[in-house]
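Chemist: So the chains spell out like this:
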Amino acid sequence: MRDKALRIVLPAAAIAAVLLLWQWAASFYTEDQFPGPRQVALAIIELVRGGRLWTDIRISLLRLGTAYSMAVVTAIPTGLFLGRCQVCRRAIGPIVQLLRPISPIAWFPLAVLWFGIGNAPAIFIIFIAAFFPVLLATISAVLSIPESYFKVSRNFGAKPVQVFISIIIPAAFPGIMTGLHIALGTAWIHLVAGEMLGADSGLGFLIIDARNFLRTDLIMAGMILVGVLGLILNSIITLVEQLINRQWGRTGAPA
Amino acid sequence: MGPDRRPGIMPSLHGHHDTMNNRRIPKIALRDAEKTFRSASGQPQTALSRGNLDVNEGEFVCLVGPSGCGKSTVINLMAGFEQPTGGSVTIDGKPVTEPDPDHIMLFQDYGLFPWKSALDNVLFGLKCRGVKDREAKQKALAALDTVGLGTHAHRHPHELSGGMRQRVSLARALAVEPSVLFMDEPFAALDAFTKLRLQDELLELRSKRDLTVVFVTHDLDEAIYLGDRVVLMAPDPGRFVNIMKIELDSPRSRTDERFEQYRKELYEAFDLVHRQSARIGSSMVGKEVLEGGSGI
Amino acid sequence: MNRRDFLLKTGLFALGAQIPGAIAGNFATAIAGTGKVNLKIGYLPITDHLLLISAFREKFRNLTIQPVRFSSWPENAEALKAGAIDGSFLLTPMSLALREKGAPIKVVYLGHRNGSAITVKNDGTINRIEDLKGKTIAVPSQFSTHNILLRKILADKGLDAARDVRIIDMPPPEMVVALASGRIHGYIVAEPFGVQAEERHVGKVLMLSKEIWQNHICCVLNLREQVIRAYPEAVQELVGGLSRTAAFIESNPVQAAAESQQLLGQKPQIIERVLTTPKDRLAFTNLVPDLADFTATRSLMAKFGLPGTKTDLGTYIDSSFAKRALQHA
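Protein chains in written order, with this note's numbering: chain F, 1049 to 1303; chain E, 168 to 463; chain S, 66 to 394.
Hint data in this document are derived by calculation from the structure and do not stem from the laboratory.
Since we're looking at a predicted model, the values are computed, not measured.
Warning: the hint list may mix true and false statements.
[Stated by the list, open to error] With the Cβ distance kept under 10 Å, some of the chain F side facing chain E (calculated, not the full set):
hint	residue
1	S1075
2	Y1197
3	S1201
4	Q1210
Ideal Cβ positions, reconstructed from N, Cα and C, are used throughout, including at glycine.
Produce the complete structure using the sequences and hints provided.
Modeler: This is how it looks when you write it as structure tokens:
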């Protein structure tokens, strides 16, 4: 009973403290320079009433969903394959490590060149942002599979397909799941950045639009909305992770 | 020194179709088997040097020795996880080139799949053999019953103790009815009491089946308690040093006088090895054929 | 109050006391020992802001100019708003909007007259203003004279800016590429981005801004009120220097183009073309800030629904420095 109360009271208290701090910091500037919580709250209401907001959120989520799915569907099989094939890893490894540190945003001009304008460049950026974390987490997960699992499967004469489905995928799953989790966060962050560059819709564009109109309060309202949505997405994937782990009896340490 | 050795007769390798001489054909045979490899620094290392050993059908043979003596190498060669770089390793007269479901290995870390229940782990082996669903389930449950885990069939490994996990491993192996069991220090990770229990259970299980067992351990007492024969190995290079035939009443008793005697002999043999390897450039035993004595 | 409370409270107080200093801290740093003040002036790499080459040409006694380059208008405006720079060449509508929202700035000099162009794809489909119907046109900002000029010419030709054309914001340096890739069909922005498109054969100039509104003002020099109050001699010297530079550019466009590279990063031939072909494409004459110019701009802003139209122009415009500079020229 007390635990439940604390679980709500503590974060609420922290949020209240942050709001107070914000209010206090904002008092040193004009409303136009650094709006306080009240102005931003009003700006949020303005956005909600304005009618555009839901369209923008929907478009952003759609872009995220498309790009993220594409990334997951390509990265996991590639990672599983590379994880098992050392020769392939030696060959492709350096290329992957070269491409990985390049900020997805830097790909934007090339994306526009290859895919034209519209949703495509933003989706491409998100794809890149999500692809590498999932790929690397998958490879790492496959490499961490204890050798004895493979010895056992060889001993019993399991066929390669069986090994893949029965052993590799479930054994690598926790590591892959971690990659999926991280990738979702990265994808969301880059979605907003990508939309700031060349979109005419979505939450990122909303923020840029506010900036073009010199409306700092709308900028901050957009920022808060982006943060809230990011939080929701994170909670969803955490829930999915827990559900699957429970399904596969993995609530304890492996044997 | 007391090891019971019968020099002389080398069992025929070619007569394995001869039913009259069936008992003479060893189930598992190492002939001048050698395993060398290059270490990380490029130095050639000899894990096993010209090893000769017979294991007869139905025998329980224990391999003991300090680390580096090659006992794990021997069992891996027999099970097909490694290939010899010289000589031959055969089972039922045929060279061993890869692991075989007829010869199941148990590992120190149990090798259980944590996302599968005990039942599913046992089913894995059966499914690999192509056994159909209903029959597989029956066999799996029966195997779990045999090891006393029938009621835990739906638990996952993390919910089981170390001893129980090894039992599941055993059930998985027994379910596919292999003719040989390889056990590579299977009880090393368990506490003393569980170990003793499992040793008894293993003997009990084996008494009801036709099983050839090769058991690797560093525990001399365990080797004597379990084995029909105990093979002592020594390192640098890895080699067979000594064989001891164990004749104890069944069911075995750890407090039997003769147990003490074997113990003394084995420790003395081990001591000798120990002292001799301290001497530089010593080679204790020549390349003699060490053969099994059962049945002759 | 125990010791920990006390430390916490003093800590917070000390932190709080820093903030006003932090805001003021960015303002006009006096250079120790020389008696000179360093003024940070924001600009974009456009020919409209060519006057800033005075930073390299003039030997001032009371000040040094530090040009601060931005690649988009919102960045420039934000920096001025935050007090991170002491002054800035800023679009007139943007300056008025900032002033209306309370930014303590005044205009002391104009940046230029004319100087922009409507550039379109050169595939032959757009040959008149009317052909812009249904197309996407980029402007550097909603708060730009370019936006106003575009809407003015569209209205003059009978087009409805809201329904017939799609107007989007874009940073000027991105416009040429956007035109080449087909993302936009045209743009109206300050030079040299019109000439640049022509040089690269990706676009052609449809119309010069001076053809839409002759001698219109566009960018103006805003200075923070604090700076004007604290360093009036430096400001006077600044305006004098700009005035001399203006005359120099008008009489020696070729040399001015050569000197522009340091400021704008463009090839001198391009700048030269902007300054000379045709004459008055970009003009640096008559740069004293005048009420009439601003009133005209403001009424157009009102016509097209832009905020910033309630500024008190009397207190915003300070033409004293410019007039004095003319007298001493």
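Chemist: All the hints need checking, so say for each whether the structure fits it.
Modeler: The hints, checked one at a time:
Below 10 Å, beta-carbon pairs count as interface contacts, and F:S1075 has none with chain E, the closest being about 55 Å; its hint is therefore violated. The restraint placing F:Y1197 at the interface with chain E holds, with a minimum CB-CB distance near 7 Å, inside the 10 Å limit. The beta carbon of F:S1201 comes within 7 Å of a beta carbon in chain E, closer than 10 Å, and the hint placing it at the interface holds. A distance limit of 10 Å between C-beta atoms decides the matter here; for F:Q1210 the minimum to chain E is near 7 Å, and the interface restraint holds.
Figure legend: structure checked against the earlier numbered hints; the only hint not met is number 1.
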